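Participant: Each protein sequence line maps, in turn, to chains A and B. Here numbering that gives the first Met the number 0 is used: the first residue of the first sequence is 0, the next is one more, and so on. Here numbering that gives the first Met the number 0 is used: the first residue of the second sequence is 0, the next is one more, and so on.
For chains that are exact copies, the list does not tell them apart, and a pair is met inside one copy or across any two.
Derived pair list, reagent style EDC-like, types lysine to aspartate or glutamate, alpha-carbon separation capped at 16 Å:
#1 Lys149 x Glu98
#2 Lys58 x Glu175
#3 Lys58 x Asp161
#4 Lys102 x Asp137
#5 Lys102 x Glu23
Please keep in mind that the hints were generated in silico from the structure rather than gathered at the bench. Just so we're clear, the structure is a prediction, and the values are computed from it rather than from any experiment.
2 protein chains.
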Amino acid sequence: MRPVLEFFYDFVSPYSYLASTRVEALAARTGAELRWRPFLLGGVFKATGNHAPIELPAKGRYMWTDLRRWAERYGVPLVAATPFPFSSMLPLRAALAAEPLGKLPAFTHALYRVAWGEGRDPGSPEVVAAVAASVGLDGAALVAAAPSFKEALIRQTQEAVDRGSFGAPTLLVGDELFVGNDRLDFVEEALRRANGSPAR
Amino acid sequence: MRPVLEFFYDFVSPYSYLASTRVEALAARTGAELRWRPFLLGGVFKATGNHAPIELPAKGRYMWTDLRRWAERYGVPLVAATPFPFSSMLPLRAALAAEPLGKLPAFTHALYRVAWGEGRDPGSPEVVAAVAASVGLDGAALVAAAPSFKEALIRQTQEAVDRGSFGAPTLLVGDELFVGNDRLDFVEEALRRANGSPAR
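Make a model of the complete structure from these sequences and hints.
Facilitator: As structure tokens, then:
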């Protein structure tokens, strides 16, 4: 039995972007099965009473410094998306529409690259369609299909909340909860334990 | 010129406790001068609008899980202090009173051990006096001197806020700000850069 790593992420969350650049290698190193699970961070905040860091000026300023440190450590581009926060509703629904087509990871990476690597607003139908096309999907068809994934996105968000999430990214190894890109090393330890492998 | 690491901490903050068990070795490894700087986390929250994690049920539950993971990683005892949160005003002022006596680090470690290693409320004059005595100070005299450090504690807290703090622990390397026990590795990198040493 391979351990399963569930990765709950929202495109609007830059820490989720950072984690998205690492979870595949992490799963490969630990022999885990990775499940990509888009969810709506705004829904999580609403359900738990939590708030985005940028709602506090001091926290918001620090967040950008902290994000740059992580991006440098990971060696990935990071440009503040304009506008921020943007609406991630459409790309999240489109991601769920891409899932049965086998393109969820590719779409996720491409969307994140646009939003946080290039700093473009990924919330519009045009950008979502272009991102979809860049990974070999029919962009107009994906955008057209997105609204029918409204309920699926709500369900996935509620499931994360029910399992303890209050922020993004949320990572689950069974019922072990981890919140934040900065907990990936603990996630890795949990997966090694689950797999009976020795620690690093 | 040795780089300086300023460590702002409050006894009520379990993440500050965790960091307190690592900062000396970190400073030694990087050739840094360590400055212990007690501050009042409640004052930081008031000034910045930030809130303690335990104010949100989901975040509070996760916090204890997360704290246990860190304590296990560090190999240090961790018992939830009773009551929590407790008033850290008296021990913080007493810590400042212990500073001119050369006992600030020793008092800090001993107080943290009582609060988070043994789970006892460290807010009472009796416990503060006993902790002071355990590090070779006159406990009754330290408790009697504590009120005269009221303004010093307010000043130190305000300074941290002015320099960008919104939580605990806050670590500063010059004007480089780091918030959280989980940023000690970035602190170490900053100190190595400041010292012209190669990265680990």
